[in-house]
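Visitor: One-letter residues, chain by chain:
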Amino acid sequence: MKPFAYVRATSLQQAVDAHACRPGSRYLGGGTNLVDLMKHDVETPTTLIDISRLPLNRVEELPAGGLRIGATVPNADLAAHPLVRSGYPALSQALLAGASGQLRNVATTGGNLLQRTRCPYFQDVSKPCNKRDPGTGCGARDSTYRDLAVLGHSEHCVATHPSDMAVALAALDAGIELYGDTEGPRQVAATAFHRLPGAHPEQDTLIRPGEIVTAVVLPPAAPGAVSLYRKARDRASYAFALASVAAVLELADGRVRHVALAFGGLAHRPWRATVAEQLLAGAPLTDENVLRAVDAELAQARPLRGNAFKVGLARNLARDSLAALAQACGGEPPERLP
Amino acid sequence: MHPTNALGSPVPRREGREKVTGAARYAAEHTPPGCAYAWPVPATVASGRVTAVDGTAAAALPGVIGVLTPFDAPRLGASEDPTLQLLQDPRVPHRGWYVALVVADTLEGARAAASEVRVTYASEPHDVILRADHPDAYTPDEANGGHPGHREQGDPDTALSAAPVRIDCTYAVPPLHNHPMEPHAATADWDAGRHHLTVHDSSQGAGPVRAALASLFKLPEDGITVVSEHVGGGFGSKGTPRPHVVLAAMAALHYGRPVKLALPRGHLPATVGHRAPTLHRISLGAHADGTLTALTHEVTTHTSRVREFVEQAAVPARVMYAVPDVRTTHRAVALDVPTPSWMRAPGEAPGMYALESAMDELADALGIDPVELRVRNEPASEPDSGRPFSSRHLVECLREGAERFGWARSRAPRHEGPYLIGAGVASATYPVLVAPSTARAHARPDGGYLVEINATDIGTGARTVLAQVAADALRVPVGRVAVAIGHTGLPAASLAGGSCGTASWGWAVHDACAALTARLGSHRGPLPAEGLSASADTTQSAKQKSPYARHAFGAHFAEVQVDTVSGEVRVRRLLGVFAAGRILNPQTARSQFKGAMVMGLGMALTEHSTVDAAFGDFTENDLAAYHVPVHADVPDIEAHWIDEHDKHLNPMGSKGIGEIGIVGTAAAIGNAVAHATGQRLRELPLTPDRVLTALHGSA
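Chains A and B supply the protein sequences, listed in that same order. Under full-length UniProt numbering, residues 1 to 338 are what the first sequence spells out, in order. Under full-length UniProt numbering, residues 1 to 699 are what the second sequence spells out, in order.
Worth double-checking, as some hints may not be accurate.
[Said to hold, decoys possible] Pairs of lysine to any residue, SDA-like flavour, derived with a Cα cap of 25 Å:
#, chain 1, residue 1, chain 2, residue 2
1, A, K2, A, E43
2, A, K39, B, L61
3, B, K594, B, S541
4, B, K594, B, A59
5, A, K39, A, V59
6, A, K2, B, G63
7, A, K39, B, P125
8, A, K39, B, A60
9, B, K594, A, R26
[Claimed, not checked] Calculated from the model, a selection of chain A residues having no Cβ within reach of chain B, i.e. all distances over 12 Å:
#, residue
10, P63
11, L83
12, D181
13, H200
14, G224
15, K231
16, A308
17, A323
Quick caveat, the hints were computed from the structure, so don't treat them as lab data. Since the structure is predicted, the reported quantities are computational estimates derived from the model, not experimental observations. Where is the CB? At the ideal position from N, CA and C, for every residue including glycine.
Excised from the complex, chain B in its bound form (with noise of 0.2 Å):
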């Protein structure tokens, strides 16, 4: 056996081929026989009790199995997500929450049944609307991530009155919806002889939804099987188990048939979670040098009333930059709204929107170039915690990108007949997490190997990069490594989320490679008929706790040209460069923060979901309206890294890639566009209708 050096190589995506060929099956095109459709039907106010469901009219059409609704659907048992109780009680806390599920033959039949269901409620006056000084928001004692809802250091207030140079601003991020490719789907199938429940989910994660549903149904875990092999996108809106797989195994268990579940795109505003709106705060206190002497970011935000969730937007701040008086602080308000959830770079993507919008109104304010105001601004330590940094090299980012990009050049904005052009900068943030898992090493007698572990590809690549450790750790060409992933079946391992899914699952198979070498290290003559195993648990050294603050860092750049006859903000070029660690996969890490920059520049100009005040729902609920960029809005991009070494990571010395990608984009394209129009905009999306208000006064 030679060395190989697979990590490092642009290995192509292995399942490539399957993908676009349409071979790769995904949850919904799995199809027992006898397969029946279920179709859930959303309430249609936004506060109240259900009073009757009548299913009368939808039973007696041709090929309906049933109708469950909140008076007669099976008991669920416990859960730790309240919005996977569905039809427990009549309690609606939202529009769109399901209050009966219509099951049939067919998908046509299930859907025409469900339009029949009439249901009565009696409602009740509902709030929708966020506002920072709503009378219910409190100081949650926890945001989003474990985080402290509020910390303090020194005396702020004090701080900023004494800066010799102060901002004070409000920026505003309005409701986000994760909207995978992919909308949520589910194929339940009981098999009452086996007493074995198996599902097809498209998640992030088939051991949590497996552990929802043994909770939920009172199975045993190894009663059932949960398979994710392949997964359409889930941008954090997959990383918990959702309404449609619960209500498909419902349907499977209750009906004794395969029920399979596919969401339409319409009702995933309401279902499966979305980025809450922030309201931002943010004061910056410097000294006329830019050395900044104080810091105060305040989040409002809303969450459901059904769960807490808290996007932890303030926190990011608490990484940044170098402040001795600091205050980050969340206020929430629970509102009759969906339940927020995680979407791609929960926290730091909204907070850095702020935090860095107000570092370039702040370098306006000192005129001090952005990228020098930040490299003046650089922590020996984390600032919040004290502790040292693994590494950080977010000056480096800066620098390169600058270098790259021609920011040099770029800093006089300029005209182009009814084209005003300016570039902006801004900083990246991403915390280092890791989760324990568990993995499984095999080799076989005919020298090829097999890497089993339940890991979830949701089209980061995941597959082929666990091959590259394993082929790496056993020291084989990639060639020879199979890897088996998205089953629980297979050795348990953390969910797709976090950025975090390379750090455990690679842990878990590079030590599990590496027992299988030693194995082989001392196995003498052939190989036995079945093969040698070993296996690995990174339980141990996953939860140690670091002495170091671990995160990724990274550096933003656009150039934007802004109509000033339409208002029409487009972006000409978007130019990235992170630092996080060592990059397993150049080509599937590029596609990762190209792909995520991509999303920032929706952040940035076309996605906001509307709260109707009246109506108490989220008014986009289709790809036509709510407005992801299309290939026509995507410029050249261009992502680069550092080259970073940590030791105080992971055996693959990796950090986390999914995320950072989004989290200074929308503010490097805000801080484009107010150097291009000398206006600062502080609430996205920069649509052309508040670009023109900007640009002329309002109309």
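This is chain A alone, in the form it adopts within the complex (with noise of 0.2 Å):
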């Protein structure tokens, strides 16, 4: 860990103005994330700004509906909110399922956006990383750690995105609110918020140097759609997601009026499966209908050496998903093809 300068921020215009002037200077949050890597000196700011007493730890009712939840409310308040639970059961259960419930206690949910990949090789600077230090290389790619992406990645970068949350995120089309000192206020949708690796995997997200995280915004929950998260691991806490999917599901008259469908531990960024949902809108949620459109999705998969397994876990845990959800939007679950 190398020395660093501290200032707490008391506004948002201060930070900012702090950041524009501290070359090098990183936005601390809860700190779970960034001060383990910098311990590890993947990160060596020359200045934290500490935002985590910024007045933006609140859950507001939007007035035409929704949420906006503030940057720096903690995990676990987020995930026990009342409303979040009746009206976004996904993101409540993809906040319970990351992390331990000491560390929740103090992640914010700015920081669980933008937390960075756990990818051993990204942590360890004895190692090439192209994440963390361009042009270096990949040391992931010819290893047989499983925990690495089977969508989306490229020639320099495997990693996957650890978080949870940002799942659930996705499929619920959120909102993701930024500050910037040049930018001013600006709002971004969830699906764009993080990216793919392609040449430039030191990018996860599109947010601008500087800016800020300022909250997430949930759009109005249809009354009829119902949500879930189902995470598998290789603990029962405490581990990230070998596989994950967040799904939302309105059923009108047996057949699909809204299905959005995110696989988390596959990417590089929540994998929205969009050719899934296109092919399943519409249609009936019948079991066949349901693999059709996974299988589709899944088509793109190019396993590595160890993570094939990862291809039939998601597709599992979407057609499981999605038949719970027929049945909690009142329907029959779909009858299973052998």
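Please dock the two separately framed chains into a single complex, following the hints provided.
Guide: Following this line, the structure appears as structure tokens:
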């Protein structure tokens, strides 16, 4: 860990101003990931600008429906919020599936979105990593490590995004509010916020230098829609997803009025399954239709040495989750194909 | 004085309150005035030589006291363990081997400076991957524990080919890491005036640490004090002196300042030992009635190029079952890997995973109940040596476990929604060891007693149990006995390892207290102001070779659920029944059994270290990636024991209990998964990727 300066921001503007005049500075939220990375010299900020006490810690109901979640709302509080639990169960479940109780008490909404991959090659500065040190190569690609991407990876990076919460936000069509010194406020779709690695794996998101995540906005939950989050992992708690799925479903007369499906643990970003969604839209939610749609989505997968199992796992999780949601919508679960 | 019965009572852990209130001080929590901090620099190549160490940038940072390198570090004396020859030559035998040490005024300063040390290497090709057909595999003369590397009786190959029923299977256990809660740490303080070195070390034995330091630094043993008062777990990784204590002492002597060195978690996988991976091939031959006719257990494992350590995984097959034609053998391959070492039940834990999985497969092949198959192969004497058992109650453990677990009811695998439910059983064994120790007992005029012995309590409850041993030998209430341990100024005793602490130390404490009781009995009048003392040395009695084969036995039962959607295996119930002599403290004993069963659960389902072929290290280097079970993984665990009376052990009648709890757990869980799914997985751990592939075929 390198010596660094610490300043505590008392307003949003002061925070972005401090960032602008202190090159190499980083914003500090709960610090559950950033401080670890500093201990390993993966992050070497000159200054930490502590934004954890900015007045961004509220969950507000929006006049037209929906919620605005301040960036410093702790994960534990957000998971327990009655309006989140009732209107957006996928989000509450995703939060509770992440980390441990102690970490969720400290980790923030904004920090959860901006956490870095847990790829062990990224976290070890003695090894090459294009995400950490662009141009040095990828140490993970030829390893037998399992927790790597199967979708959307590039020759430069095979890391996965570790967040559970972000997967739920992608399926819930959330928006991410940002504030920057030069940009002012702007909002981007959660589905667009995280990037695929391409030739620039060092950029996890489309956030610009100095911008702060100020809030997450959830659109109104459709009255007939149901949602869930399902995660598979090596141990029952405190483990990142081998694969996960966030699903939202609304049925009308047995047909799909709205479906949203996002995968976690498979890619450099939460993977919104648009191919599958398009195939399912308007169709009866039969097991056959679900499998055809999910298989079409996962046909894009390019597994690496040790992680082909993730494709089948994701398929199972999506199929099972949609069946559970169909039942929750008041319908019969689709009859399973043999 | 009245006879008391401290032994056998659930006496609460003596230091429990200190520990949970934070008052107990661990090795890194001693900070002598002027204390400096050391941070070691690990090698970033897997094989080769250090050609240069540039510490200029590091030394220029504020508060940096110095940088030691293989080229300028003080020269060390001899050590039995070559992994302690630190910074003595530029050779790099594995990635993570220490190649420099930074010492600074603050921990943060030392850590920051360590990352500024520039090391250049002449690297060489490395080989870190164990294969059963590795051309460099050899049969060692001895495996860990002094067991012969190879044993053969009769003609197992002919017996196998003649056997009416045969199974021939391979199993694999990956590298595993001990990862005690308290990482290895030491604080060393050199008093130049007194010419005395004082070291607080997180160790399972302060005595061996002192002996090693004396030899390495060419100091007399009485010029060194090593204190290991509280130790936050070791599981074997602190059984021998480790690099951190040598480096802390080296820096303290060299710079003339107290030096503290607490290893970060990420350094542990490469520097404090691991359970070597083991590849097992087991063949069993049997008659249709289940009687075994032949057994071969061949183990291939890795060791390092620094020191040979061979995990004795084929040894338990020499103890378990009556078989006339047997071969048990080990093959080792020296690779460019860190030196493996002891991890809770070395040999027994991986060996019994393989053997007890094979017994389950044989039971399936024969259509015989797995409990019954084991009962039918109960030997009259120890199969390998022919010696009679001092006591053996495996069958009783199996029977009582089956009864308590509801084994008969659980034998039909079943569905619950997406879950497949199954049950499994496995036997366990662990040898009875004992090592010479000395102790002193002291009676004060105020009616209090002090027992002194350089034993170590690594979280087992040893301190408490020794007080119980003393109280009964002195025939006084346990509350009147104070116990001093964990200090080389106390009478010498063996380390906390091999599940023999209580037997070894307790024996010396018992003898010292019995001698004191005799002295007190013949003393007339009030005690003198300085009190009365008596000492004991068990060297003669402990070294006496027993005519008996002495082992603890146990039976493990597990119920699992396998999620057919996710491949996740969760344990619903674990139950163990043990026959381990007299249980001296049911409260601390139950904790030991259960803790080891949790560790076995991790071995079965979640724990593994990946050897990275390209970089030559273990990929998982923190507790987020190396998955020890968390609370949510640990189900209802029951540990029970048979009331076992064995006159051929020690004055307490006890067998070791620290390790046997892990021994059969993984096999019981693996057998339960096979029972639930109908699919046999032969490589640990049983993670969702493997389970899904077994259930649904490859993706």
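Visitor: A separate judgement is required for each hint: does it hold in the structure or not?
Guide: Hint check results:
Restraint check: the Cα-Cα separation between A/K2 and A/E43 comes to about 9 Å, which is no more than 25 Å; the hinted pair holds. For a cut-off of 25 Å, the pair hint linking A/K39 to B/L61 stands: about 17 Å separates their Cα positions. With a C-alpha separation of about 32 Å, the suggested pair B/K594 and B/S541 falls outside the 25 Å cut-off, and the hint is violated. Under the criterion of a C-alpha separation no larger than 25 Å, the hint pairing B/K594 with B/A59 is inconsistent with the structure, at around 49 Å.
Of the supplied pair hints, the one linking A/K39 and A/V59 is violated, its CA atoms being roughly 32 Å apart against a limit of 25 Å. For the suggested pair A/K2 and B/G63, the alpha carbons sit about 13 Å apart, so the restraint of at most 25 Å is met. Annotation: proposed proximity of A/K39 to B/P125 is violated, straight-line Cα distance about 30 Å (limit 25 Å). For the given pair, A/K39 sits about 20 Å from B/A60 by alpha-carbon distance, which is consistent with the 25 Å threshold.
Restraint check for B/K594 and A/R26: the C-alpha separation of about 45 Å exceeds 25 Å, so the hint is violated. With a least beta-carbon separation of about 40 Å from chain B, A/P63 lies farther than 12 Å from that chain, consistent with its non-interface assignment. Here A/L83 stays apart from chain B, with its beta-carbon at least about 27 Å from theirs, past the 12 Å limit. Chain B leaves A/D181 outside its interface by the beta-carbon criterion, the shortest separation being 30 Å against a cut-off of 12 Å.
Distance check on A/H200: its Cβ is at least 24 Å (rounded) from any Cβ of chain B, clearing the 12 Å threshold; non-interface status holds. The claim that A/G224 lies off the interface holds: its Cβ sits roughly 25 Å from the closest Cβ of chain B, which is beyond the 12 Å cut-off. Chain B draws A/K231 into its interface by the beta-carbon criterion, the shortest separation being 9 Å against a cut-off of 12 Å. Annotated as non-interface, A/A308 brings its C-beta within 12 Å of a C-beta of chain B; the closest such distance is 5 Å.
In this structure A/A323 is not separated from chain B by more than 12 Å, as the shortest Cβ-Cβ distance comes to only about 10 Å.
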